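Model the full structure from these sequences, guided by the hints.
Same order as they appear, the protein sequences are chains A and B. All you need for this note's numbering is the position in the first sequence, starting with 1, plus 1. All you need for this note's numbering is the position in the second sequence, starting with 1, plus 40.
Hints in this document: simulated from the structure, not taken from any laboratory. Small disclaimer: the values here were computed from a predicted structure and weren't measured. Where a beta carbon is used, it is the ideal one built from N, C-alpha and C, also for glycine. Just so you know, not all the hints are guaranteed correct.
[What the hints assert, rightly or not] One side only, chain B facing chain A, incomplete, derived with CB under 10 Å:
1. Ser49
2. Tyr65
3. Tyr76
4. Gly83
5. Leu91
6. Ser94
7. Thr95
8. Lys98
9. Ile123
10. Glu128
11. Ala132
12. Ser139
13. Arg140
14. Leu141
15. Thr142
16. Gly144
[Claimed, not checked] Distance condition first, Cα-Cα at most 25 Å in a straight line; then the derived DMTMM-like pairs of lysine to aspartate or glutamate:
17. A:Lys72 / A:Glu53
18. B:Lys98 / B:Asp125
19. A:Lys58 / A:Glu84
20. B:Lys89 / B:Glu145
21. B:Lys89 / A:Glu84
22. A:Lys58 / A:Glu45
23. B:Lys98 / B:Glu55
24. A:Lys12 / A:Asp64
25. A:Lys58 / B:Glu145
26. B:Lys109 / B:Glu145
27. B:Lys89 / A:Asp64
28. B:Lys89 / A:Glu45
29. A:Lys12 / B:Glu55
30. B:Lys89 / B:Glu106
31. A:Lys72 / A:Asp25
[What the hints assert, rightly or not] With beta-carbon atoms standing in for the labels, derived distance ranges:
32. A:Ile13 / B:Lys109: 22 to 32 Å
33. B:Ser94 / A:Pro97: 28 to 38 Å
34. B:Gln85 / A:His11: 15 to 25 Å
35. A:Ser63 / B:Ala41: 15 to 25 Å
36. B:Ser94 / A:Ile13: 42 to 52 Å
37. A:Ile13 / B:Gln111: 24 to 34 Å
38. A:Ser74 / B:Gln111: 37 to 47 Å
39. A:Gln81 / B:Pro52: 39 to 49 Å
40. A:Arg10 / B:Asn101: 20 to 30 Å
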Amino acid sequence: DTGVSQDPRHKITKRGQNVTFRCDPISEHNRLYWYRQTLGQGPEFLTYFQNEAQLEKSRLLSDRFSAERPKGSFSTLEIQRTEQGDSAMYLCASSPRTSGRALGANVLTFGAGSRLTVL
Amino acid sequence: AQSVTQLDSQVPVFEEAPVELRCNYSSSVSVYLFWYVQYPNQGLQLLLKYLSGSTLVKGINGFEAEFNKSQTSFHVRKPSVHISDTAEYFCAVTRTSGSRLTFGEGTQLTVNP
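Structure, rendered in structure tokens:
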């Protein structure tokens, strides 16, 4: 188990282009999250999946953003028609699904992030 | 909804000095609390967590925190810091019935020689 992997680590693109990030969670985790972090700020929640179902989306996730987790394993986050305001670190995290108040509930393990720069 | 306030955006200290990073939260329901640490150009690493039981929790690298329900605080402390503790520290909260984490804006801890 190598933890949560994200690819690419860095992406520089021109305004208006589409970009896609990939996240491979810890294999036994069935919850997967996407967060966005801008410089000097804490991470902001974007969306999360339980298996292949997208259970919650933040209002931050505009129509240009789409996330998928087609087989309940890896996930992709696509940004269409990028804008300079999309420049940020995109963090992926995963967690095990536990019932009730079992220890380990809601403990997220984060990947190293994918840094997007939109010129 | 939950919210987190980290009371200090920057904390400079000298090596081997004690440090406390302060976190207050707001929630109308029961919560779990976390501190994460982020080193430059890296993702977030779990420092410690409060889920249930003893209100004093120990984490990695000699850090510990105390959950104070009456004051809605979860401050983290270390009795003697090292240069390697220089990083951004984030406090986070989630509902016990929920899943998403809500983070504070972070505290930059800088340990000077």
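Evaluated hints:
Given hint, Ser49 (chain B) at the interface with chain A, holds; its Cβ is 8 Å from that chain's nearest Cβ, closer than 10 Å. Hint status for Tyr65 (chain B): violated, given a least beta-carbon distance of 13 Å to chain A, over 10 Å. About 8 Å separates the beta-carbon of Tyr76 (chain B) from the nearest beta-carbon of chain A, less than 10 Å, and the hint is met. Here the hint on Gly83 (chain B) is kept, as its CB sits about 4 Å from the closest CB of chain A, short of 10 Å.
Interface hint status for Leu91 (chain B): upheld, as the beta-carbon distance to the closest one in chain A is roughly 6 Å, under 10 Å. Proximity of Ser94 (chain B) to chain A is violated relative to the hint, the smallest CB-CB distance being about 13 Å (cut-off 10 Å). Contact between Thr95 (chain B) and chain A, as hinted, is not supported at the beta carbon level, the nearest pair being about 16 Å apart and thus beyond 10 Å. With a least beta-carbon distance of about 15 Å to chain A, the hint placing Lys98 (chain B) at the interface is violated under the 10 Å criterion.
At about 22 Å, the closest approach between the beta carbon of Ile123 (chain B) and any beta carbon in chain A exceeds 10 Å, and the interface hint on this residue is violated. For Glu128 (chain B), the suggested interface contact is upheld, since its CB lies about 9 Å from the closest CB of chain A, less than 10 Å. Satisfaction of the interface hint for Ala132 (chain B) is found here, the shortest Cβ-Cβ separation to chain A being roughly 8 Å, below the 10 Å cut-off. The closest approach between the C-beta of Ser139 (chain B) and any C-beta of chain A is roughly 6 Å, which is under the 10 Å cut-off, so the hint is satisfied.
The beta carbon of Arg140 (chain B) is positioned within 10 Å of a beta carbon in chain A (closest approach about 5 Å), and the interface hint is therefore held. The interface hint given for Leu141 (chain B) is met, as the beta carbon of that residue sits about 6 Å from the closest beta carbon of chain A, less than 10 Å. Taking 10 Å as the C-beta cut-off, the interface hint given for Thr142 (chain B) holds, the closest approach to chain A being about 7 Å. Here the hint on Gly144 (chain B) is kept, as its CB sits about 5 Å from the closest CB of chain A, short of 10 Å.
With a CA separation close to 6 Å, the supplied pair Lys72 (chain A) and Glu53 (chain A) stays within the 25 Å bound. For the given pair, Lys98 (chain B) sits about 16 Å from Asp125 (chain B) by alpha-carbon distance, which is consistent with the 25 Å threshold. In summary, the hint linking Lys58 (chain A) to Glu84 (chain A) is supported, as the alpha carbons are separated by about 20 Å, within the 25 Å threshold. Of the pairs offered as hints, the one joining Lys89 (chain B) and Glu145 (chain B) holds, with about 18 Å between alpha carbons and a cut-off of 25 Å not exceeded.
The straight-line distance between the Cα atoms of Lys89 (chain B) and Glu84 (chain A) is roughly 36 Å, outside the 25 Å bound, and the hint therefore fails. For the suggested pair Lys58 (chain A) and Glu45 (chain A), the alpha carbons sit about 11 Å apart, so the restraint of at most 25 Å is met. Between the alpha carbons of Lys98 (chain B) and Glu55 (chain B) the distance comes to roughly 21 Å, so the proposed pair stays at or under 25 Å and holds. Straight-line distance between C-alpha atoms of Lys12 (chain A) and Asp64 (chain A) comes to about 21 Å, which keeps the hinted pair within the 25 Å bound.
Pair hint Lys58 (chain A) plus Glu145 (chain B) holds up; C-alpha atoms about 21 Å apart against a cutoff of 25 Å. The straight-line distance between the Cα atoms of Lys109 (chain B) and Glu145 (chain B) is roughly 21 Å, inside the 25 Å bound, and the hint therefore holds. Between Lys89 (chain B) and Asp64 (chain A) the CA atoms are separated by roughly 35 Å; this puts the pair beyond 25 Å, and the hint is violated. A threshold of 25 Å between alpha carbons decides the hint, and for Lys89 (chain B) with Glu45 (chain A) the separation of about 19 Å falls inside it, so the pair holds.
Of the pairs offered as hints, the one joining Lys12 (chain A) and Glu55 (chain B) is violated, with about 36 Å between alpha carbons and a cut-off of 25 Å exceeded. At roughly 10 Å between alpha-carbon atoms, Lys89 (chain B) and Glu106 (chain B) fall within 25 Å of each other, so this suggested pair holds. A hinted pair counts as satisfied when its Cα atoms are at most 25 Å apart, and Lys72 (chain A) with Asp25 (chain A) qualifies at roughly 12 Å. The supplied range of 22 to 32 Å is broken by Ile13 (chain A) and Lys109 (chain B), whose beta-carbon atoms lie about 46 Å from each other.
As the Cβ distance of Ser94 (chain B) to Pro97 (chain A) is approximately 23 Å, the hint placing it in 28 to 38 Å is violated. Between Gln85 (chain B) and His11 (chain A) the beta carbons are some 20 Å apart, a value that agrees with the proposed interval 15 to 25 Å. For Ser63 (chain A) and Ala41 (chain B), the hinted distance range of 15 to 25 Å is satisfied, since their beta carbons lie about 20 Å from each other. Our hint of 42 to 52 Å for Ser94 (chain B) and Ile13 (chain A) holds, since their Cβ atoms are close to 47 Å apart.
The hint said 24 to 34 Å for the Cβ distance between Ile13 (chain A) and Gln111 (chain B), and at roughly 45 Å that hint is violated. Checking the proposed 37 to 47 Å range against Ser74 (chain A) and Gln111 (chain B) shows it holds: the Cβ atoms sit about 42 Å from each other. Distance hint for Gln81 (chain A) and Pro52 (chain B): a CB-CB separation of about 42 Å, consistent with the stated range 39 to 49 Å. In this structure, Arg10 (chain A) and Asn101 (chain B) meet the distance hint of 20 to 30 Å, their C-beta atoms being roughly 25 Å apart.
Checked against the numbered hints given earlier, the structure breaks hints 2, 6, 7, 8, 9, 21, 27, 29, 32, 33, 37 and satisfies all the rest.
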